[in-house]
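Asker: Residue strings, one per chain:
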Amino acid sequence: MLHMRLKKSCKIVISFAFFLIIICVAPAEGGDALKKVSFIPQWVPQAQFAGYYIGLEKGIYRKHGIDLTIITGGPDYSPSDLLMDGRADFASLWLSTGIQMRAGGAKIFNIAQIMQRSALMLVAKKSSGIEKPLDMNGRKVGLWGPVFQLQPRAFFRKYDLTMRIIPQSFSVNLFMRDGVDVASAMWYNEYHTILNCGINPDELTTFFFHEHGLNFPEDGIYVREETYRKDPALCAAFVRASIEGWLYAFDHPDEALDVTMRNLKREHIPTTLVHQKWMLERMKDLILPEDGEDTGMGGLQIEDYSRVALSLKSMGLIESVPGFTSFYKVISDKDEK
Amino acid sequence: MKNRGLAFKLILLILSSVTLIFLLIFGYSYMYSKRIIVENVEKNATNLARATVNQIDIVLRSIEKVPQNLSCVLGQSLCSGNELNNLLKYIVQNNKEIYGSAVAFSPLAYDDKKERYAPYFYKSGGEIKYSDLGKASYQYFFQDWYQIPKELDRPVWTEPYFDEGGGNIIMSTYSVPFYRTVDGEKGIAGIITSDISLSWLQEIVASIKIAKTGYGFLISQNGTFVTHPKEELVMNETIFSQAEARGDDGLRKIGRKMIHGESGFVPFRSMLTGKLCWMVYAPLSSSKWSLGVLFPQDELMADVARLNKTVIILGVIGFAFLLVIIVFIARSITRPLSVLAGVAEDIATGNLDVLIPEIKTGDEVGKLAQSFDYMKTSLKQYISDLTETTAVKERIESELQIAHDIQMGILPKIFPAFPEMSEFDLYATIEPAREVGGDLFDFFFLDDDHLCFNVGDVSGKGVPASLFMAITKTLIKTRATKDMPPEVILNQVNQDLSEDNPSLLFVTLFLGILNIKDGTIEYCNGGHNPPYIIRAGGEIEAVETTSGLALGVMEDFSFQSKRFVLNKGDALFIYSDGVTEAMNTEHKLFSEKRLEGELYRLKDLPVGDILAGVTEKIREFAQDEPQADDITMMIIHYNGSDDSVI
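If you're matching them up, the sequences are chains S and A in order. Taking numbering that gives the first Met the number 0, I'd label the letters of the first sequence as residues 0 to 336. Taking numbering that gives the first Met the number 0, I'd label the letters of the second sequence as residues 0 to 645.
FYI, nobody ran anything at the bench for these hints, they're computed from the structure. Backbone N, C-alpha and C fix where the C-beta goes; we use that ideal spot for every residue, glycine too. Please note that the accuracy of each hint is not assured.
To be verified - Just a few of them, taken from the derived set where beta-carbon distance is under 10 Å, the chain A residues facing chain S:
1. Gln-138
2. Asp-143
3. Asn-221
4. Met-234
5. Arg-251
6. Arg-255
Modelling step: build the complete structure from the supplied sequences, incorporating the hints.
Answerer: Structure, rendered in structure tokens:
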């Protein structure tokens with residue numbers, strides 16, 4: 000494992016070096032040459048990122064003039080670090096993370112808000128007597144790291160709940176064994192894992208934050224200001240290609256799952272096809288919510304932005320709310336050649 | 000079926016009944032043997048599962064004891080670092096089932112300066128190695144084996160996991176919290192663990208082999224495959240993800256029962272071969288995991304299947320044998336029958352000399368052949384008798400024909416009777432009902448001017464009547480002489496007939512003598528139908544009766560004569576009762592009335608045509624009704640005498 004990781008790092012370093020060379024050489028070759036860029040998703044190549052991987056596989060990025068390298072994410076890589084230190088040109092980050100970084104002085108832009116809806120949720124067993132938010136009061140809740148705690152804390156404040164917070168690991172076992180009454184879950188991931196541990200949906204009470212006025216959309220595409228200013232057309236091309244990749248994945252789920260399963264197998268990450276299928280289906284619900292406003296894919300709504308930013312500020316996680324336009328750059332038609 | 004032969008029907012009905020009976024017996028025996036096997040399988044499977052579960056539980060229980068005991072020790076006194084290490088090392092060394100053991104302290108519980116401390120000893124490459132799980136990269140506060148017993152405040156078996164950074168194998172851990180009282184308050188001071196390598200469990204479960212493809216598997220409390228012959232399922236899939244992948248809701252239901260600690264015996268599809276199996280499942284009382292053992296149905300049913308195959312083959316052979324026998328029996332029945340049928344056809348065409356085959360079976364068919372032969376002989380005898388009778392009948396008929404000819408021969412038959420006589424025209428016809436009849440008529444001149452004529456009807460019919468008629472006619476002819484009045488003729492004839500009349504026959508007779516010069520007719524009627532006078536003017540009148548009896552009835556009877564005159568153009572029509580009593584199909588009589596009408600209608604025709612016309616009308620009236628009595632008619636048309644004119 001360590002050996003492999005070293006190998007991976009070497010590969011990244013080499014490709015990075017190669018990338019630098021290309022950056023220098025590219026202008027000399029003229030506008031028609033493919034532009035080499037790298038992208039890092041927040042996590043392993045699961046169906047959460049199927050749109051990017053299928054875009055790469057199907058040559059959609061090439062069609063848009065991009066020679067893309069996707070850096071395999073995971074627990075050992077922080078996409079924000081890779082983005083800031085230039086190892087990645089584009090990164091997938093949560094909106095709240097992006098706002099916190101920007102407010103903290105990081106020169107980054109959101110160029111696409113891929114997920115329109117928050118997938119983070121709280122889940123409880125009906126057998127524990129929890130059917131509505133107030134039933135949770137005084138109970139044990141499992142929460143993940145800081146970024147995953149924004150919505151739950153806002154939720155508890157909204158319903159005036161005093162909770163006993165237990166740090167939650169990435170397994171659902173604590174919840175399964177009733178070590179906590181309420182657990183954090185991603186709709187596309189842990190929720191399905193719980194179902195696949197033998198609990199039926201009708202035995203669970205779910206709290207989707209977007210149903211409680213706390214929609215904090217998650218995955219978006221971020222770029223360094225510097226990259227954006229140098230080549231806005233490239234950024235536009237990347238966004239368009241990514242959206243096209245997502246649409247292709249939704250239209251061809253079997254192909255997208257095939258790519259996903261291959262990537263996960265290559266990385267020795269255990270998973271099941273049904274789990275990835277569930278994840279891809281939920282991604283469609285999150286990226287193209289059926290009852291959402293038809294604002295086109297990848298747009299960041301100012302209301303969503305304000306909700307998240309003000310919430311961060313009220314929790315003292317940021318000092319001031321960055322201006323919307325200084326955070327989000329709309330990709331319009333003129334941007335891409 | 001309807002037009003098929005007897006043999007075919009016999010074969011079809013018997014064989015289909017036999018097949019039905021065979022199938023019923025076969026089906027019953029199959030179901031019964033299957034039930035017995037299933038019962039046995041269930042019993043054996045339950046025993047096997049129970050034994051395996053016990054085997055595992057004994058080990059797991061023994062593993063549980065170690066940290067439980069240690070928790071008591073640690074709850075009493077705080078060991079020094081070295082003492083604890085030696086204790087842990089000793090535990091791992093002397094319990095071959097324990098892969099590793101740790102004591103993970105709660106924050107600052109071991110040492111005021113140490114946030115995390117967790118000495119861990121484990122087996123590796125035949126040695127006992129040490130590791131401090133308190134290292135930053137391991138984060139034991141967030142491991143299930145630490146967090147779950149701490150939150151639940153009781154010992155637990157963890158879900159199987161790959162202990163990256165710790166034991167670095169797939170294991171399951173039994174974790175027991177231990178407590179200390181600090182400042183009068185009892186609290187969890189840490190967690191004691193003992194690990195079990197899953198490879199050991201896998202070996203036990205993998206050793207379960209049933210028939211060729213039967214196997215055992217173990218799932219955890221979350222339904223995760225802990226052991227399964229299909230490697231890719233182990234630690235990767237749950238029974239529920241498999242159910243989802245297969246779209247098999249039944250599998251999910253079974254999985255839920257398994258993780259809820261139930262036991263059972265259910266049909267189950269093998270995840271290895273896809274074959275239908277029986278599965279028995281039972282929970283481990285220690286870790287609450289569930290063991291499933293699969294018994295492939297077809298393999299366990301192999302004996303029954305083999306028996307069934309033999310039974311079916313035997314059945315088919317028996318069937319074929321039965322077919323041959325039935326064909327043979329059917330043939331032995333139908334062969335003589337079809338021969339007989341051929342013979343019957345021959346007989347039907349008239350060949351009575353055909354030989355009936357001898358059938359000595361003695362059964363119904365043999366009897367049929369005998370009856371057939373008897374029938375043929377009887378038929379032949381009958382036909383021979385019939386031929387003889389017919390010959391006799393023909394002879395009689397030909398004799399009757401001759402008699403008819405003779406009878407007709409004695410009656411005048413040339414008309415008009417006296418063509419040289421211009422004074423009158425006379426026509427007469429007779430149509431006997433049989434070959435010979437009892438009616439008679441005659442006419443002859445007594446002298447130059449007197450024509451004697453008569454019409455009679457003998458009682459009865461046929462030969463006796465005809466003989467009587469011939470006698471009567473001859474008697475009249477011989478008795479009637481010149482100048483003899485009619486009553487004398489009748490008296491004499493009556494006497495003659497009455498004298499010797501053993502058959503008691505009699506004859507009605509109308510006898511008249513026409514004076515052709517003046518048209519006077521002297522007549523005597525012996526019980527005959529009164530004749531009609533057809534006047535030249537068209538009036539039809541009956542001749543007055545003379546109150547005479549039929550002849551041959553009373554010997555001494557004295558007849559009386561009367562007279563009337565035919566004028567020129569008048570005619571006398573005499574007839575026998577065969578005319579008026581002719582019947583039609585509705586049994587109505589031709590009657591006097593109808594006759595009078597016809598006479599009136601025909602009165603202007605020549606006299607021969609009048610008789611023909613009446614005859615035709617009678618035929619028309621009678622239609623198909625056979626003639627019952629002799630029909631005799633005579634007509635005399637008086638033309639007047641030259642002398643009288645003069």
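Asker: Against chain S, is A:Asp-143 within 10 Å by beta-carbon distance?
Answerer: Nearest chain S Cβ about 5 Å off; hint holds.
Asker: Is the shortest C-beta separation between A:Arg-255 and chain S less than 10 Å?
Answerer: The hint holds - A:Arg-255 has a Cβ within 10 Å of chain S, the shortest such distance being about 5 Å.
Asker: Let me know if the C-beta of A:Met-234 comes in closer than 10 Å to any C-beta of chain S, holds or violated.
Answerer: holds (7 Å)
Asker: Let's test the interface hint: is any C-beta of chain S closer than 10 Å to that of A:Asn-221?
Answerer: OK, holds: A:Asn-221 within 10 Å of chain S, min 4 Å.
Asker: Next item in the hint list is A:Arg-251. Is there a CB on chain S closer than 10 Å to its CB?
Answerer: Check passed: Cβ of A:Arg-251 comes within 8 Å of chain S, closer than 10 Å.
Asker: Next item in the hint list is A:Gln-138. Is there a CB on chain S closer than 10 Å to its CB?
Answerer: holds (8 Å)
Violated hints: none; the structure is consistent with every hint.
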